[in-house]
Amino acid sequence: MDKSEVIVLAGGTGDLGRYLHEELIKDGSYTVALLTRKTDYSPSLPRTTVHQTEYTESSVLSILDETSATALISLIRCDGNEYLPIHTALVKACLQSETCKRFIPSEWAGNIETFPHLLRSYAHTRAPLRDILKATAPSDLKWTLVNFGWFMEYFLPEEKSYMKRIPGEFPVDPMAWTYTVRGTGDEPQGWTYRPFKRSYRSLEDIAASMAEYDTNPGPQSDIAELEEWTVTGATACPKDTTLRQREKYFSGIRFLTIAEMLRKAEVDGHL
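For the sequence shown, the numbering used here assigns the number 1 to the initial residue and increments by one for each residue that follows.
What the hints contain is simulated information worked out from the structure, not anything from laboratory work. Note that beta-carbon positions come from the ideal geometry of N, C-alpha and C, so glycine has one too. Accuracy of the hints is not assured; some may be wrong.
[Said to hold, decoys possible] Subject to a maximum C-alpha distance of 25 Å in a straight line, what follows is the list of computed PhoX-like cross-link-like pairs (lysine-lysine):
| no. | residue 1 | residue 2 |
| --- | --- | --- |
| 1 | K134 | K164 |
| 2 | K38 | K160 |
| 3 | K248 | K101 |
| 4 | K164 | K26 |
| 5 | K248 | K160 |
| 6 | K101 | K3 |
| 7 | K26 | K160 |
[To be verified] Derived DEER-like restraints, expressed as beta-carbon distance ranges:
| no. | residue 1 | residue 2 | range |
| --- | --- | --- | --- |
| 8 | C78 | H117 | 31 to 39 Å |
| 9 | N216 | K160 | 29 to 37 Å |
| 10 | T242 | S42 | 36 to 44 Å |
| 11 | A127 | F148 | 16 to 24 Å |
| 12 | N216 | F255 | 36 to 44 Å |
| 13 | S42 | A259 | 34 to 42 Å |
| 14 | F148 | R47 | 21 to 29 Å |
| 15 | E187 | D40 | 12 to 20 Å |
Could you build the full structure based on these sequences and the hints that come with them?
See below:
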């Protein structure tokens, strides 16, 4: 295997992980090591190794040592009771590794500075992990959180996307051209697209669902949690913060315009 930098993707065999895997391989500077619980996964891309693991600290550390990885990115999507133990093990493995000193956990959040405990389920998953990461400050581990916002996959038919459809989670139905608003319908939300037929709930209905959040868990309480997240304004990162971070971290990146993206998609045969 070549001497390219090794990036480890935890949960890199499905959903968002497949997209990131493809993009890393396009850059000849990287080799990818995939962590998975699957025992029969065969990668279709070059410069890729697959490592079966149950995400214990010792198992992950042995893989980091074996591959001489320099960065670990988690794309794991799991139940809330699994999130903190798994990610704590990932952090501890990085701390003990001789080479892997960069870490990005699996996150999906908005304005966590003002609303650190929204979504509510994050109060016992992501928020404690952030505290664990902050406590690593005396070490040489570098970490960051990535808020990637809305997926373009929301607008794609299921067969055109790597993202698995979870009933009720994706707000956009591109076949019926409907959009289920996560909120009351009054929150600012913009689409570069033709208008959708919208449906939404009242603030009173959302509050009633949230009153049963702890006592009657289920799909409806999960949706209500997203609605609460929206109506509080917690989904939106402050504009000044966003622009400051864009200049600091992404000043060297040129973002495609919508017109450029559509032309590229047409040339690549995706339209």
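In rising order, the numbers of the hints this structure does not comply with: Per hint list: 1, 5, 8, 15 violated.
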